[in-house]
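Chain order of the listed sequences is A and B. Heads up, the first sequence is in our numbering, so the first residue is 597 and it goes up one at a time. Heads up, the second sequence is in our numbering, so the first residue is 597 and it goes up one at a time.
Keep in mind that the hints were calculated from the coordinates and are not lab data. One should not assume that every hint holds.
You can't tell identical chains apart in this list, so a pair holds if it fits in one copy or across any two.
Calculated lysine-lysine pairs in the DSSO-like style (CA-CA distance at most 27 Å, straight line) [said to hold, decoys possible]:
1) Lys-919 with Lys-624
2) Lys-757 with Lys-746
3) Lys-856 with Lys-969
4) Lys-881 with Lys-730
5) Lys-757 with Lys-919
6) Lys-994 with Lys-856
7) Lys-609 with Lys-856
8) Lys-856 with Lys-730
Listed here are the chains, written in short residue letters.
2 protein chains.
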Amino acid sequence: MKTMEFLKSVTSKKALETINAFPVAPEKETVGIEDALNRVLAGDIVAHEDIPPFSRSLVDGYAVLVKDIQGAKETNPSLLTVTGQVRVGEASETMVEDGNSVMISTGAMLPDSADGVVMEEHVRRLKDEIEVTKPVHRGENICFRGEDIKEGDHVLNVGIKISPFDLGILAALGISNINVFKRTRIAIISSGDEVVDINETPPPGRIRDINRYTVSNILKKEGAQCDFLGITRDAIPDITASFEAAREYDMILVSGGSSKGERDLVVEVIKALGGEILFHGINIKPGKPAIFGKLWGKPVFGLPGHPVSCIMVTIRYVLPLLKRLKGETRTGEITVRGTLSTNIPSSYGIEEYVRVAIRNTGDGCFITPIFAKSSVISSLSQASGYIIAPEGVEGYEKGEEVEAYLF
Amino acid sequence: MKTMEFLKSVTSKKALETINAFPVAPEKETVGIEDALNRVLAGDIVAHEDIPPFSRSLVDGYAVLVKDIQGAKETNPSLLTVTGQVRVGEASETMVEDGNSVMISTGAMLPDSADGVVMEEHVRRLKDEIEVTKPVHRGENICFRGEDIKEGDHVLNVGIKISPFDLGILAALGISNINVFKRTRIAIISSGDEVVDINETPPPGRIRDINRYTVSNILKKEGAQCDFLGITRDAIPDITASFEAAREYDMILVSGGSSKGERDLVVEVIKALGGEILFHGINIKPGKPAIFGKLWGKPVFGLPGHPVSCIMVTIRYVLPLLKRLKGETRTGEITVRGTLSTNIPSSYGIEEYVRVAIRNTGDGCFITPIFAKSSVISSLSQASGYIIAPEGVEGYEKGEEVEAYLF
């Protein structure tokens, strides 16, 4: 049957393989450390110096030679002469000789010869002497030069998304200009004769543009720069003009086209412009009528019109490609395991994404499906994630342990 | 002993109670929907209309009266006359009368009288008639008016952090200007005679300012606007001047002051400016020397100088207050449960935060502690979270199930 043709969809696995094989070549730029949070590192960072650059005391106390206070105790303290003091921020110029000690603050530079620091609490201060009431082992209360980072250490790898902690490492090394991959620029087009801008009152038969906001913000959260190129009517010239306006972007997303006729127009325009359709339809629910192609060497997605379908395709198929486009290599998804609180029916032969609520209680983690049609956007606000019922599974039973992916 | 005084620290529970009792009064402002991602909603959203605003077909097919096709099957199809068509975006003006049907596209407006839609795949189209080969139940393949959102529904609550899905709901309702709480403005001060700007080469005994970058980016990730007010020397006039410059901010954070003398200066200045110390020291590791006070009605934190201590206090104690300052009420932390892969020793009587690596394998989730001194920032880059060993626990054993908080 002619109408069945678009149902020749690929499996989820095949779709992801196709997406992951799409050639990408992210460009680089330099940003200041103030603007580097969540950007993707474009080159490995190798330490050019030791951190800390000198051995430091971790406590307020006295720098000593460990051998001098072996066996020290409350009833039989070791007596040491105090020959000086190192304050925080000062260069230490004194040495600790046999039988001597140097007063030292937390963070201050350890005198060269010292090999332990006694905490102030384990010392009785006399005039120019101290009684040490507890021994320390070699290196106790010291952070040695290079103990955090050693010169030559490979501290950060290309492809990581820069975290506040990574920025701490870069700051420690004095790296204030950072080589990152450029932000991915994505063109967002809404299509459909029924779609109106949210500032308009939709006349009968028409609805407001939802997908523009959900899709662009899912991608924005992942660091993409999304530009909205407008709502296009279901006509070849209109869709063609929208694509032409998107020519300079790194990726093009067209949402809408719920009906077969509308989808066919998008396919037709991609081909007419010299592009190629890589798949048309994925064997998933919701989200089946997704299109993926290549136009002017750039990836193009045709996203389903129903809001929930559109979101699920964005999360499962567009985001992995965005990660590659922005040069990110760490791809771990966060999942939680929990006990299913009701049965989940699912269709054999199709991969289903079931939105779920996740509830942590004293008795463990409980996962409850939220059943709603793919057009019902309000169902997503209550969901904190989704579970995947793969093609070969006919559903899950109450009480089973399942794995949920977090939104 | 005088030097023991600062050790009279509060428990973690008491510290959080004090922080949670701090009075806050977040202010409101209006932002456009384009800028609303991750902002905190300042008022409940109640739907002023039904979504969808009309009943819609979920498939390409024929709108029918369900009673007309009861018992339809491949070998005994029901014959219906096709009296019209509703395209997507059009107002439906036809009715479906007994024995009739109307051709309809996905997303198109359902004719008033129709109560089911037959998918195109279950229909044989003749000239002006169709043979329906499968019955539908009432409401099948329809998304009814108000099925997503009903007029009067309470769709979003004050205090939520606005997600891409929430933006979809706001878009569906045509709400393009959104009432949110103002961003929290935080002043960040680094203190310490040993601290130099990262663009300087630290002379012997000095180190670069790390905390400025870790702290401000942890808070920035949570939507705060952080301004760095500079590095202040360990002297009353310098610290006083820094506080004065921070007077107009919603919260003041001073990092550094690792040694007792430095911390005392911060306490002294807060008091001298008319402020109040609410606690000085928390019974935790790392992070013990944390200070919390009130100055000019605003919260002030003195954060420990060691980078890891500073980060842990920011995450465990500053972030909960930031959530309240920015009006956020949904406070669920994401945790994962997993099996401990080595023993974790911890001290009885102190709450310990142990950084961990989390690894999901086919055999389940494994949690491995990363042991490092509180001055070792590089240890955090490998950690994906931390576990809490409470005061009353002396450690955990390999193989135990533990709960990890994600960074």
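- [ ] Determine which of the earlier numbered hints do not hold for this structure and return their numbers in increasing order.
- [x] 6
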